[in-house]
Amino acid sequence: MTHSLNPLIIGIAWCLAWGEGREPDNLSILQQMREALRQGKDVTDTEALKCLLQTVDQGNNVSEIDALKCLLQTEGLDFPQTLADLQQLTEQYPTLWTSKIGLVYGGATKIKGYVFESAKLPEIRGASALLDRINLIDLPAFFKCEELPEDFPECYRARQYCQRVRRDLQHKDKKLHSLWDALIPELVIYSTGGNILAFCPTAFVPDLVNLIEKRYTAETLTANSCAVGESFRLLELRFGLLDHPIEQTKWLDWYLEDEKRQTNPITIAYFGQVKNGQDWKELFENRKNFNEITGKLAALFQKRRNGNNLPDRQRPSRRYPPMFETHPYLLRDEVEHRLAIASGSLFPDEPWFSDALARKRIVGQRTKGEGSRSQTWWTKNSDWKWQLGQVKTLWNSGYLESWVVKFRRFIEKSHYRDRYYQDIPKQKIGEARSLTEIGNAGNGFVGYIYADGNNMGGYIQKKLKTPQDYRRFSRDIFTATEESVYHALGRHLKPHKLNGLTGDNQHRNGAIIYPFEILTIGGDDVMLIVPADKALAIAKTIGEEFERILLEGEKIQGKEDYRITDSAIISRSQDCHRYQGQISVKPSQCKLSMSTGVLITAYQTPIYYAENLTNQLLKSAKKKAKQLKKDYGYHGGTVDFLTLKSVTMISSNIEAFRQEALTKQEKGKPKLKLYGAPYTLHELGGLIETGEKLKQSEFPRSQLYQIRSLLERGKSTTMLNYRYFRVRLQPENQKLLEEYFEKAWCDAKTNKGNLAPWMSLPEKDGTTTYETIWRELVELYPFIIETAEQPNQTEARLP
27 MTHSLNPLII GIAWCLAWGE GREPDNLSIL QQMREALRQG KDVTDTEALK
77 CLLQTVDQGN NVSEIDALKC LLQTEGLDFP QTLADLQQLT EQYPTLWTSK
127 IGLVYGGATK IKGYVFESAK LPEIRGASAL LDRINLIDLP AFFKCEELPE
177 DFPECYRARQ YCQRVRRDLQ HKDKKLHSLW DALIPELVIY STGGNILAFC
227 PTAFVPDLVN LIEKRYTAET LTANSCAVGE SFRLLELRFG LLDHPIEQTK
277 WLDWYLEDEK RQTNPITIAY FGQVKNGQDW KELFENRKNF NEITGKLAAL
327 FQKRRNGNNL PDRQRPSRRY PPMFETHPYL LRDEVEHRLA IASGSLFPDE
377 PWFSDALARK RIVGQRTKGE GSRSQTWWTK NSDWKWQLGQ VKTLWNSGYL
427 ESWVVKFRRF IEKSHYRDRY YQDIPKQKIG EARSLTEIGN AGNGFVGYIY
477 ADGNNMGGYI QKKLKTPQDY RRFSRDIFTA TEESVYHALG RHLKPHKLNG
527 LTGDNQHRNG AIIYPFEILT IGGDDVMLIV PADKALAIAK TIGEEFERIL
577 LEGEKIQGKE DYRITDSAII SRSQDCHRYQ GQISVKPSQC KLSMSTGVLI
627 TAYQTPIYYA ENLTNQLLKS AKKKAKQLKK DYGYHGGTVD FLTLKSVTMI
677 SSNIEAFRQE ALTKQEKGKP KLKLYGAPYT LHELGGLIET GEKLKQSEFP
727 RSQLYQIRSL LERGKSTTML NYRYFRVRLQ PENQKLLEEY FEKAWCDAKT
777 NKGNLAPWMS LPEKDGTTTY ETIWRELVEL YPFIIETAEQ PNQTEARLP
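In this text, residue positions in the sequence shown follow our numbering: the first is 27, and each later residue adds one.
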């Protein structure tokens with residue numbers, strides 16, 4: 027071997043050479059082997075390879091070449107067509123069948139319940155940052171991931187903290203020394219998106235899964251987590267789950283013998299339904315791979331998460347959540363009424379904190395870079411200290427890096443740098459500490475944005491077949507998600523100088539801040555808060571940049587993993603857009619996309635209420651994306667939004683509100699939808715442009731609201747009044763509305779007429795529904811900036 031290997035192959039080789047015991051024959055030789063493989067050196071005649079061959083040989087007559095194939099070429103084996111071919115593989119490469127490797131999967135569960143347990147932003151921010159630290163740093167630290175800076179940059183920046191994590195845990199349990207020796211960074215498949223998937227030597231599977239769960243409990247006290255693990259034969263990494271003995275495996279030829287076996291409901295549920303032009307053999311091969319193994323772990327994960335004790339596994343039960351002692355005559359915190367142990371005397375309302383709540387608050391303060399003076403309520407109070415042996419020590423919040431710091435690092439390397447900072451020294455720009463400050467940049471209103479990936483589950487099932495596929499996919503998605511947010515914030519926002527603040531925030535007047543709050547970026551989902559007037563533009567850019575980054579990453583890799591290559595699907599998908607205006611349609615060519623929910627509301631709106639509505643909007647957008655994919659083959663993103671002027675505007679869920687209050691149908695008349703949401707990304711761009719032109723047209727505000735109130739009276743009444751008010755405008759303003767609203771949105775489908783302000787929507791039953799974007803335009807009117815800056819589409823991209 028003269029070429030470097032991908033890290034997972036090195037990890038597999040390490041596990042096999044370690045063996046199935048808790049101690050290897052010679053650890054130093056294994057480390058030499060690993061280093062040689064990492065550097066791509068020829069190890070054929072080295073002592074390390076001889077040790078490795080002796081470990082995997084297990085007494086069989088296997089040549090060195092065959093053993094190397096067992097270790098390094100599992101992904102290149104041809105798919106056996108019959109059970110006899112499969113058996114021949116086990117005889118030709120017995121190591122593939124006799125050797126086992128451990129696989130663990132775990133992470134946080136019920137994340138929203140933990141993060142949004144408190145209604146205050148500092149504690150929500152701290153809860154999210156604490157989980158991010160555990161997911162991105164603490165768990166990878168078990169594997170010494172700081173040794174691979176190119177693959178784990180977060181761990182590399184926190185390398186001293188990673189070493190301390192292992193040292194502190196080993197101080198509590200001396201047995202962990204052998205676990206640290208057995209774990210190397212090449213074993214980690216992925217550790218993003220709130221979960222970790224990694225290989226390990228089989229003897230350490232129970233220790234590792236227990237340690238993952240304990241880490242969440244030890245650091246957060248109340249967050250839910252779950253981890254499971256299993257040992258698999260090396261051959262199963264390539265061909266999925268196999269029975270033992272191998273002769274009992276139901277292989278491809280068994281299913282092909284009888285067509286009834288292929289059409290059995292159980293078979294269809296497991297392998298899928300055959301589509302036009304598809305061979306059942308393809309379904310079988312798509313299922314029998316590494317994806318089947320991860321499916322088994324997912325099933326075990328769900329069982330344990332639900333509180334079931336798995337048989338034949340001696341592990342602590344998850345049936346009982348963390349319980350905290352309470353007393354009727356003692357003080358409690360304001361959130362879950364847990365026992366309070368000290369007060370935050372430096373805060374205006376002097377709240378009492380439980381230990382779990384205090385950890386969220388102190389992490390929230392640290393991530394926002396608040397000075398050490400504001401943290402003395404925690405550091406100087408002996409009540410927070412834990413008894414460890416003979417010494418009381420304070421819980422350490424560990425290494426924390428806020429999303430703003432990461433955003434700043436991105437901006438420094440991007441083409442946004444000079445335009446974003448302008449003449450403001452970056453050292454003078456701080457982080458927004460409250461919704462009040464973000465709202466100050468949006469005239470008292472903020473926008474909640476919640477985005478999540480589309481088509482992810484189907485893509486994983488059909489396209490990811492090897493551990494390397496999972497590794498690449500997780501990194502691609504996390505990078506695309508994170509950078510799409512940074513692109514959107516860098517393009518549409520700029521530092522804001524606080525002014526006009528009163529009360530407890532008055533001392534912050536004059537401070538310059540980054541006017542946004544990133545609650546979390548995990549895997550394929552995003553939660554952030556931005557000024558209201560930029561919310562829709564930011565949501566649109568996140569969706570567009572997510573697809574662009576994935577497709578441009580393909581060019582670098584020379585692959586087409588995410589690109590839609592069928593020109594017929596691309597062409598047909600353009601028919602779904604209702605907007606036919608000046609903005610040209612960019613075909614959706616990416617198999618993956620993002621749907622987004624956006625809530626525009628006053629900064630005083632309770633966060634728990636805003637989060638609930640934003641989540642409903644996201645579900646509505648995803649439902650729209652799924653329907654458009656089914657009807658038109660559209661794979662792009664969608665956005666649903668709502669402008670909430672008062673907290674009591676919606677007392678039920680959004681879907682019920684729209685059905686009952688915004689949908690009208692009288693007997694013998696067509697159905698009227700007084701709203702147009704959700705929108706595709708192309709439609710959202712048209713909506714933003716139409717809103718800008720509407721404001722330029724100087725349409726009287728009172729007439730805007732009058733037309734909106736007339737929508738309920740029917741199609742003809744609204745059309746007549748719209749025409750009446752429109753012709754009273756100046757000729758140049760009439761032309762704006764005609765070009766950017768009427769022709770762009772309201773042309774009739776069957777003739778050359780115009781339905782403004784209505785759009786016709788043919789239904790499958792032959793009827794026609796009429797919908798309008800006028801209500802959304804009126805609600806967005808106060809947040810539209812007439813001289814909106816249009817991003818330069820020809821600007822250079824990041825290298």
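If you're looking for bench data, these hints aren't it; they were derived computationally from the structure.
Hints should not be assumed to be uniformly reliable.
To be verified - Pairs of lysine to aspartate or glutamate, EDC-like flavour, derived with a Cα cap of 20 Å:
hint, residue 1, residue 2
1, Lys411, Asp381
2, Lys201, Glu239
3, Lys126, Asp51
4, Lys489, Asp502
5, Lys488, Glu239
Only a predicted model underlies this, so the values are computations on that prediction, with no experimental measurement involved.
Hint check:
1. Among the hinted pairs, lysine 411 with aspartate 381 is consistent with the structure: their alpha-carbon atoms are about 10 Å apart, no more than 20 Å.
2. Our distance criterion of 20 Å between C-alpha atoms is met by lysine 201 and glutamate 239, whose separation comes to about 17 Å.
3. Simply put, lysine 126 and aspartate 51 have alpha-carbon atoms about 17 Å apart, close enough for the 20 Å limit, and the pair holds.
4. This hinted pair checks out: lysine 489 and aspartate 502 have alpha carbons roughly 14 Å apart, not beyond 20 Å.
5. In summary, the hint linking lysine 488 to glutamate 239 is not supported, as the alpha carbons are separated by about 30 Å, beyond the 20 Å threshold.
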